[in-house]
Amino acid sequence: GENVEQHPSTLSVQEGDSAVIKCTYSDSASNYFPWYKQELGKRPQLIIDIRSNVGEKKDQRIAVTLNKTAKHFSLHITETQPEDSAVYFCAAIQGAQKLVFGQGTRLTINP
Amino acid sequence: GAVVSQHPSRVICKSGTSVKIECRSLDFQATTMFWYRQFPKKSLMLMATSNEGSKATYEQGVEKDKFLINHASLTLSTLTVTSAHPEDSSFYICSARDFLSYNEQFFGPGTRLTVL
Chain D
294 GENVEQHPST LSVQEGDSAV IKCTYSDSAS NYFPWYKQEL GKRPQLIIDI
344 RSNVGEKKDQ RIAVTLNKTA KHFSLHITET QPEDSAVYFC AAIQGAQKLV
394 FGQGTRLTIN P
Chain Z
55 GAVVSQHPSR VICKSGTSVK IECRSLDFQA TTMFWYRQFP KKSLMLMATS
105 NEGSKATYEQ GVEKDKFLIN HASLTLSTLT VTSAHPEDSS FYICSARDFL
155 SYNEQFFGPG TRLTVL
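These protein sequence lines are chains D and Z, in that order.
Oh and the first sequence: position 59 is 352 in this note's numbering, straight run, nothing missing.
Oh and the second sequence: position 97 is 151 in this note's numbering, straight run, nothing missing.
Treat the hints with caution; some may be incorrect.
[Unchecked claim] Below, a list of computed lysine-lysine pairs in the BS3-like style, where the Cα atoms sit at most 27 Å apart:
| hint | chain 1 | residue 1 | chain 2 | residue 2 |
| --- | --- | --- | --- | --- |
| 1 | D | Lys335 | Z | Lys95 |
| 2 | Z | Lys95 | D | Lys315 |
| 3 | D | Lys364 | Z | Lys95 |
| 4 | Z | Lys120 | D | Lys335 |
| 5 | Z | Lys96 | D | Lys315 |
| 6 | Z | Lys68 | D | Lys335 |
| 7 | Z | Lys95 | Z | Lys109 |
| 8 | D | Lys330 | Z | Lys96 |
| 9 | D | Lys364 | D | Lys351 |
| 10 | Z | Lys95 | D | Lys330 |
| 11 | D | Lys364 | Z | Lys120 |
| 12 | Z | Lys68 | Z | Lys118 |
| 13 | D | Lys350 | D | Lys364 |
| 14 | D | Lys364 | Z | Lys96 |
[Said to hold, decoys possible] Examples of chain Z residues toward chain D, derived with CB under 7 Å:
| hint | residue |
| --- | --- |
| 15 | Leu98 |
| 16 | Asn157 |
| 17 | Pro163 |
| 18 | Gly164 |
Hints listed in this document are in silico derivations from the structure and should not be mistaken for laboratory results.
Since this is a predicted model, take the numbers as computed values, not measurements.
Every residue gets a Cβ at the ideal spot worked out from N, C-alpha and C, and that includes glycine.
Could you build all of it, start to finish, from the sequences and the hints given here?
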């Protein structure tokens, strides 16, 4: 089955700097890669996703890149703000099957 | 967008009792619903997948007789934690998918279960 590894587990950056979180996956058949933001006690919130036929996707300050050959994908947040502080999860899915989540990254934005 | 609700949001129960958690898709028909468990500072772990009108498919290590899942309609799935013990205390989150969303899952707000 699919296995998703996420790094780093914690990340602290200064407000205004960029943050990058990386994930690798094991199943080359996986074709959908969402990123979620989760605040304490809340549901995971989809912030961006990418499909396997695309190499990069951007939405304002958030971007995701996908390298299918290396089987890794990354989340990039630019011009970070205090409200970006949360736990971020990557995930991978093959077809219509189940989502497999990474271990999570606790992002702290220091003012 | 697609909305999923869960009830209750918090529940405290005594050890040995059973607790039922409801997951509803409010504005779409959920052909598939998923149940996750999340321990503090950990990731979401899939417990089971349920398709409307079918028996749930449980992940390895999840006791199907302890975590009863019913998906009797296209808008409602229930998770019953039977004979709950303190180690069952966790954050339980459901998600739902319809045949149009294909990959994307819509998450409920979660239920915080505390077993005393």
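Inset, instruction - Sort out which numbered hints this structure fails and list those numbers smallest first. - result: 7, 11
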